[in-house]
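Following the hints, complete the assembly by docking chain F onto the known chain V.
Single-letter residue listing:
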Amino acid sequence: MDVYLPIANLSVNGLIIVGLGAITGLLSGMFGVGGGFLTTPLMIFYGIPPTVAAASAASQVTGASVSGVFAHTRRGGVDYHMGGVMVVGGIIGTGIGAGLFSLLQRLGQIDTVINILYVLMLGGIGGLMARESIQSIRAERSGIPIAARKRRHHPMVASLPLRWRFYRSGLYISPLAPLLLGIGTGILTMLMGVGGGFILVPAMLYILGMSANVVVGTSLFQILFVTMATTMMHSMTTHAVDIVLASLLLLGSVTGAQLGAQFAQKASPVKLRLVLAIIVLLVAGRMAIGLGYRPDEIYTVSPL
Amino acid sequence: MKRLRLSACALAAAILLGGARDPILVPEVSQHEVDLRQGFTGTELLLFGAILTPEGSRAAQDYDIVVVLKGPTQSIVLREKQKVAGIWINADSTELRSAPSYYALASTRPISDIVDDKTAAIYELGLKWLQLSPIGAIDPAEQTRFSDGLVDLNRRNGLYREDAGGVKVSEQVLYQARIWLPSQVPTGTYTAETYAVTRGRVVASASSQVEVRKLGFERATANFAENYGFAYGLLAVAVSIGMGWLAGRLFALR
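Heads up: the protein sequence lines correspond to chains V and F, in order.
Per my numbering, the first sequence starts with residue 34, numbered consecutively.
Per my numbering, the second sequence starts with residue 1096, numbered consecutively.
Just so you know, the hints here were simulated from the structure itself, not pulled from any lab data.
Just to be clear, a hint being listed does not mean it is correct.
[Claimed, not checked] Taking CB as the label site, the calculated pair distances span: (1) 1130(F) to 108(V): 49 to 57 angstroms; (2) 1329(F) to 322(V): 12 to 20 angstroms; (3) 198(V) to 1326(F): 51 to 59 angstroms; (4) 322(V) to 1137(F): 26 to 34 angstroms; (5) 1240(F) to 335(V): 31 to 39 angstroms; (6) 1273(F) to 296(V): 37 to 45 angstroms; (7) 52(V) to 1341(F): 13 to 21 angstroms; (8) 48(V) to 1253(F): 19 to 27 angstroms; (9) 52(V) to 1314(F): 26 to 34 angstroms; (10) 303(V) to 1253(F): 42 to 50 angstroms; (11) 46(V) to 1310(F): 16 to 24 angstroms; (12) 48(V) to 1247(F): 26 to 34 angstroms; (13) 160(V) to 1326(F): 40 to 48 angstroms; (14) 303(V) to 1283(F): 31 to 39 angstroms.
From the three backbone atoms N, C-alpha and C, an ideal C-beta is built for every residue, glycine too.
Just chain V, with the same shape it has in the complex (with noise of 0.2 angstroms):
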């Protein structure tokens, strides 16, 4: 099935980028993620320019947190006060992003900076959560329970002025916290094309503190927001969001998050885990080796 993409000007098979969507939206079904970190690189791999597929990555993720976000608010799991001002970081976030990606770009370096970004942030994360779940699989095995962590924000957070009550999180902390996460996260999305949540969900947890019950829900509503945000961000500057390549990607990715909830809730969370982190490690891998090795075009072309 040919598809031409208007915005991309040259045409795909549309079947493998409902396929692509589909892997991503079971992956964000099954984990919570939004799938963003594969979607970007595989799109960029199938000969998609590269400001096109991160423009349009991130509307497929507004639409795979969607149901999500409905989910997470009939059992009370999101956090609203704590998201809305995560949302405002976030909004702030993609503006700087915006900014630094022409920058970049004029530069010539948004490549490569978008390629150390993956590296750095997969590796990091992905090595984290391979080092817990594989150490909470031993405790299963063995039988003897690690000793659970005490839940409390970090020492840095504390320090902060200003202080708010946030019930569902069961916090007192600064409200610049989750800003200036919100505004981290937000640049990210801007630059990468990911939903942040990847980051977003350990450094809740482990950062702020917050309740683990509320902790998917919030991240969700954060990122339902700021793709949101960036996907207008891009509209306006970039000019690079292609609404038939997105809605492609989307049939996909809406189909797979429902199938991946689904299975999600037979398996077991531990090892769900280790897989995430085995996907996550392996693409952050792939792009280290890239840019080690002689890439297979030395020379790319960009408008004056």
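Leaving out everything else, chain F in the frame of chain V:
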């Protein structure tokens, strides 16, 4: 009577000199408009025509035919990756003011057999001779490195092509060349030039135009995205939320 004789002389002279006069080229393109729309996966253009001596007789065996199809030129930045501290990053770049977005050449024989380098450079016959107009002073060796890089890149992309032997001449009067336009061709006005060459000299040329454009939905989408970014963004957001919500609903029903 005297005047009549004079004009008869002139006529005779014209006929005698006729052999050295330029031939007549009658070029045509199979399609003057190429529409980029759903289902477009590239198209083949047929560039054909006739070549005649001034007297109107068959002439093709004396001439080589070169056909060039060129897309609109663009100003581009061409960047070159080099290994710096173990990783490949864009280390060098050049700005080119007139890089053709598409260039295809077909000829009856390899260009180097038909014309010398000077003529090839003047008429831009061949990828080696593209006039890219680099901005600023740039040393010739570096310029060659960059233009070779661009040509190599676009050759593999399918946007630059050269086909020595791509022009077929039949019955010594009709020539034809098939040129492939891949799906990623940019929009704009393309010019198709036809050259007749003999003894290393371009003796006749003719040009016609091909319009490559988006139509209907594709054109509306591209215009919308370019001119109404805010509304386009809202639409994209609405589509993504709508589809996510719909999928959630459909699966919840089961």
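Structure-based check of all given hints:
For the hinted restraint 49 to 57 angstroms between residue 1130(F) and residue 108(V), the CB-CB distance of approximately 52 angstroms keeps it satisfied. At about 40 angstroms, the beta-carbon gap between residue 1329(F) and residue 322(V) misses the expected band of 12 to 20 angstroms. A beta carbon spacing of about 40 angstroms between residue 198(V) and residue 1326(F) contradicts the range 51 to 59 angstroms that was offered as a hint. Separation of residue 322(V) from residue 1137(F) is about 33 angstroms and conforms to the stated range, judged on CB atoms against 26 to 34 angstroms.
A C-beta distance of roughly 18 angstroms is found between residue 1240(F) and residue 335(V), which places it outside the suggested range of 31 to 39 angstroms. Here the CB-CB span from residue 1273(F) to residue 296(V) is close to 51 angstroms, at odds with the stated 37 to 45 angstroms. The beta-carbon spacing between residue 52(V) and residue 1341(F), approximately 20 angstroms, falls within the hinted interval of 13 to 21 angstroms. Separated by about 22 angstroms at the C-beta atoms, residue 48(V) and residue 1253(F) satisfy the suggested range of 19 to 27 angstroms.
Take residue 52(V) and residue 1314(F): their Cβ atoms lie about 28 angstroms apart, and the range 26 to 34 angstroms holds. For the hinted restraint 42 to 50 angstroms between residue 303(V) and residue 1253(F), the CB-CB distance of approximately 49 angstroms keeps it satisfied. Judged by the Cβ atoms, the range 16 to 24 angstroms given for residue 46(V) and residue 1310(F) holds: they are separated by roughly 22 angstroms. Distance hint check for residue 48(V) and residue 1247(F): the Cβ-Cβ separation is about 31 angstroms, which falls inside the suggested range of 26 to 34 angstroms.
Between residue 160(V) and residue 1326(F) the CB atoms are about 43 angstroms apart, so this pair conforms to the stated range of 40 to 48 angstroms. Separated by about 57 angstroms at the C-beta atoms, residue 303(V) and residue 1283(F) break the suggested range of 31 to 39 angstroms.
When held up to the earlier numbered hints, the structure conflicts with 2, 3, 5, 6 and 14 and fits the remainder.
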